[in-house]
Amino acid sequence: MNLSAPELCLLMAALVACLTLGSLHLSVNLGLFAIETVLIALATAFMGGITGDRELYVIALLIFCFKAFTVPLFLSWISDKLMAQRDIGSFLPAPLSMHLCLILFVLSFALAKEIPVSHAAGHSWPGASAGISLLLSGLILMLARRLAISQVVGFLVIENGIYTFALTQTRGMPLMVEMGILLDLLVAVMVAGLLIFKIQKNFEHIDIAQLKDLRD
Amino acid sequence: MFELLSISLIPLAICLLCAFRVPNSTLRISITGLIWLKLIIVLFITAPVFYRGNSSVSLFTDFGIDRLSASFVILTNVVAASSFSHAALFFRNEDKLGRLTEPRNESWFYFYAALFLCAMDFVFISENLGFMWIAIEATTLFSAALVYYGRDKHALEATWKYLIVCSVGIAFALLGTILFFASSQFYSSAGTLDIRMLTNSAKQLQPKFVQLGYIFCLLGYGTKAGLFPLHTWLPDAHSEAPAPASAMLSGSLLNCSLFAICRLTELVKHTDHAVLATEVPIIWGALTTLTSSLFLVNQMGLKRLWAYSSIENVGIMLSAIGLGAPSLFFLQAVNHSLAKVALFLLSGNIIQLNGSKDVSQIRGVLTSSPALAFTLVLAAAALTGMPPFGSFISEWLILLKASDSAQVLCAVVLILSLALSFVAISVHVLNMVLGSPKQVNKLSLPFSSVLVPILLCFCSLMLGVTGLAQIILETL
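Just so you know, the sequences run in chain order A and B.
Residue numbers for the first sequence follow our numbering, so the first one is -8 and each next one is one higher.
Residue numbers for the second sequence follow our numbering, so the first one is 11 and each next one is one higher.
Because the hints were derived from the structure by calculation, they are not lab data.
Being a predicted model, the structure only gives us computed values, none of them experimental.
Honestly, I wouldn't trust all of these hints.
Unchecked claim - Listed next, the in silico EDC-like pairs over lysine to aspartate or glutamate satisfying Cα-Cα at most 16 Å (straight line): (1) K192(A) / E289(B); (2) K203(A) / D162(B); (3) K163(B) / E105(A); (4) K452(B) / D162(B); (5) K163(B) / D71(A); (6) K72(A) / D207(A); (7) K367(B) / D72(B); (8) K192(A) / E105(A); (9) K218(B) / D198(A); (10) K163(B) / D198(A); (11) K189(A) / D162(B); (12) K367(B) / D207(A); (13) K411(B) / D282(B).
Claimed, not checked - Pair ranges (Cβ atoms, derived): (14) K218(B) / L174(A): 41 to 51 Å; (15) G40(A) / V285(B): 23 to 33 Å; (16) G365(B) / K72(A): 35 to 45 Å; (17) K203(A) / E289(B): 51 to 61 Å; (18) L110(B) / I94(A): 48 to 58 Å.
Heads up, the beta-carbon is just placed ideally off N, CA and C, and yes, glycines get one too.
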């Protein structure tokens, strides 16, 4: 099987996402998230080279500047401010969740092979498998972590997975739509960041598992 | 282009007013005026769709309205106008009770509510699935600020839950949208996200992607609409938000995501796999209605009660969508929004009067404020579908249509849950209205405090006794 450059980048990004689950240190998690997103931006640029679509270069640049650079920096600034270095972890221990994630990485290959792929340039099933794998790692990250910052990272990994899926199955959404999605994402991270500060101030912790006053 | 600008002009003006630290008393009056002006502008923009022969108007590339979306835009703006007008009174009472600890919070409320309204308008007028998704995510972000109004622990918890649950849910809707886009690339290499073009070429779309995309969109937008079991954020957010914000969340936000589901259901109904778009919404709608009516029985929070009743109505509307009747869906949405906005606004005053959100603590509203009690009973009757009110007609028509379809069992479930919720809501409301008051804050409520709710109930009544429902069904 010959993998093209974007596919290789995306599969590496999916592996990096699996590694994210192996560590409970927030700084490691954020660093790995940044690497993962840089790989995705690279894949986007390579894809632009293959299909000759200039919009993809713009999108790659935007992803590199905002998602791979600003967002992790913002989140690590918050964790420094709140002196939160380590996640407590949830019912799933870190090594176990990493292995589970690697198993899902393999399973997503089987799943992606079932996806109908058109023969247009750039469409590929290995890329789709990377997308599905990223999505699942993000979900596990959200389930297996308790700190609010890790929840946001999990959400961002899910978003990366969905973007990867779009990139390999549709050669990316139209530029305007992609920019709108990115803007929404940035605002969502900002709002979540502000809320995390307020949670720390009111509850004196940012452990989401302990927020369960409201129920029927 | 001009239409898009004029729709977003008034919300921007409101934001500017709030940003320039205009005193709250001036703010209340000017915003009430501006919001009704916005309703008039919206009526002007949407009018051509109704009276001319053409049933759709394009506003800009990727933006446009047809009769259904125009009706929803008008409904959203009516809800917003009512909520904003009542908000002026609500905040004056908060001020008197000394609960407005930080006066700036009020202008922040108007600031985000205006942006929230603008985002909701864009949900209905975008004809591009991508922009529709962006607008729906924007409604989450802006309304999160409204839920956080209370600035206490509970408000924080509700906001966090709302933001995370809805964002992750909506992310799945994005995946669904991408799948629709991918499915269109199988017949034309560029692909399209335009809902009308997708519907017209429905039979050529890649069937596997369309089905997967529909399921993901249903999950994603269903989270935002509060379908069981994805509804967990909804009662918390509705009960923690201030009353005018809860009214907007329930009366207009839920319609946004249901509208998206409606559009996609119409699309899938045009493909060869229409069964998916018929059975899944009907069964899921009936299930949602049943479970939420069970939650209504032993509900202790006043605003949580109305929140669960909203979920129940969402279930009914989803069934109407599955039955292939967008016009019935709109009719039910109008009736639900009118009654529910009235109820949330009244609940805000009742909570201010009694100083408690707990249904068991609120007694004897009739003695402490007869006008409030009278309107509450009227609005509750309108909500539960008592005969002279409009929701009776829409619920009756939906039940008729459901019993004609293949899903007779779902019709039975719907009838049972409607009956159950009627009993539950009546018991709760009568308990609150009758009896002797436990504790009452010193707060004189002028007649104007029930003016907006009474008008809303009157509209609901008009929908029931005049031929208005017939006209709506024929126009759409």
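Checked hints:
| no. | hint | in the structure |
| --- | --- | --- |
| 1 | K192(A) / E289(B) | violated, 48 Å |
| 2 | K203(A) / D162(B) | holds, 14 Å |
| 3 | K163(B) / E105(A) | violated, 47 Å |
| 4 | K452(B) / D162(B) | violated, 24 Å |
| 5 | K163(B) / D71(A) | violated, 23 Å |
| 6 | K72(A) / D207(A) | violated, 35 Å |
| 7 | K367(B) / D72(B) | violated, 44 Å |
| 8 | K192(A) / E105(A) | violated, 48 Å |
| 9 | K218(B) / D198(A) | violated, 41 Å |
| 10 | K163(B) / D198(A) | holds, 13 Å |
| 11 | K189(A) / D162(B) | holds, 9 Å |
| 12 | K367(B) / D207(A) | holds, 14 Å |
| 13 | K411(B) / D282(B) | violated, 22 Å |
| 14 | K218(B) / L174(A): 41 to 51 Å | violated, 31 Å |
| 15 | G40(A) / V285(B): 23 to 33 Å | violated, 43 Å |
| 16 | G365(B) / K72(A): 35 to 45 Å | holds, 37 Å |
| 17 | K203(A) / E289(B): 51 to 61 Å | violated, 35 Å |
| 18 | L110(B) / I94(A): 48 to 58 Å | holds, 54 Å |
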